[in-house]
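Taking the hints into account, I'd like the entire structure generated from these sequences.
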Amino acid sequence: MSEVSPFQVWRARTTFLAVGLGFVAWQVVPFDLSAGRLPWPDVFYCITMVYVIRCPEYAPVWAIFAVFFMRDVLTMAPLGLTTLLMVFGTEIVRANIQAFREYAFGLEWLWVAGIFAGIVLGGHIILGLTLSQAPRLLDQVWLILFTAAAYPVTVFSLKFGFGFERPQPGEFDAYGRRL
Amino acid sequence: MAVTNDSDDYFRRSLRRVFLSIICVFLVAIFLVWRIDNPRAERFRMAVVDRVVPSFEWALTPIARFSRMISDFQSYARIYEQNQELRRELQRMKAWKEAAVQLEQKNAKLLDLNNVKLSPKLTFTTGVVLTDSGSPFRQSALINIGRHDGVQDGWAAMDGLGLVGRISGVGENSSRVLFLTDSSSRIPVEVEPSGQKGIAAGDNSPLPPLEFVEGLDQVAAGDRVFTTGDGGVFPPGLLVGTVFVGGDGRLRVRPAADYRRLEFLRVIRHLPAAPIAEPGRLVGPTLPGDGPATGVTE
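Residue numbers (this note's numbering), protein chains in the order written: chain Z, -17 to 161; chain A, 245 to 542.
Keep in mind that the hints were calculated from the coordinates and are not lab data. Check the hints yourself; a few may be wrong.
Claimed, not checked - To give a feel for the contact side, a few chain A residues facing chain Z, derived at Cβ under 10 angstroms: (1) 305; (2) 375; (3) 504.
Every residue gets a Cβ at the ideal spot worked out from N, C-alpha and C, and that includes glycine.
In structure tokens:
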């Protein structure tokens, strides 16, 4: 990450977008349409968090917006709600990026899981307050647990598969700013 | 150099903040629109889905097929038990087949004697399942026929055997089927052979509860559940499933449709109910100077 050209930044952003839209498409493939099955972990949330903590340049807020809004549209979720909460969640991380980089992994994990729980339960409460139909709370709790469990796996595979590392102190980005 | 860099940085950061606020305002606005004017927002969603999904249909179908092939392959592990089970079932089915053939002949003879014409309403068109909703918010699927094929909101969708749900949202080339397991699905049904009427009310569980059944003592587990024509919602006589008594003693419907492997859906054409053209009125005695209270418009 020490020498990154703008071309590489845009290529990485396109990759992020493509992976995100791929996950959305994967989610709507009709594998099993029976009700009451356990939810899959939200792997793309984990990937987004890895990006935002490891290399926030590659996961700009418009890309997060685009992917999650597309997911809201395609999965019949309330329009805009999850996207809004996801943007808030990633902004929390961005605003405290230095702290997140210095955390031990356990603490980072706890924070990422906590933010996800906030997103899901916050959405549940907002749906309740606006008298909309919300999914069963039990499913939501499973979703939080599975996603929390998926985070270390995601970090591990992105680190050893694609070389995602937290930037070391003293590294610079494409525009010569300190990371 | 350092000065320009700093002001550059400041500019970028404030630009980003403005952009972020625009995104947030947009999202809050669209959520409120979704909540307040839901039909319009859902039409917008359907239009987007209608543009997007058919363009990657080529990818979705093979993936789903492939995963089914894998799960079929896994079932080879239990092939011996399955074989035994199927043999026993076949034995029982032979007896039933004999009875069915005799009844069919009898039925054909009687229909002929009475000169019965089958209802022309029950023609159907068939669509392929493109996507599921992929989230716990809705139990629904997208199929590849839409307004172009004459599909209309409210039509019933079946798999080969039983009712799956109804059309809710039609795009140009795709339409959405709301399953009867969805928590907003309410379907008037009749339990045979007792003829008790009720409503199959979805609750996002695999077995939708059966509500508003009056003669509970006349309904037993295993009774068959059919749609009624009540309210003109559905054509009557479509198989929904069988009655199942849950652990809490509640009556539930075990759908006859196999939701685990839906590939094709049969959409039944039928004449829609009278459209709701005005807000509901109070049901009561007709007051002088008031229109007829039965909801008939002049």
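Going through the hints against the structure:
no. : hint : verdict
1   : 305  : holds (9 angstroms)
2   : 375  : holds (4 angstroms)
3   : 504  : holds (5 angstroms)
Hint compliance for this structure: every hint is met.
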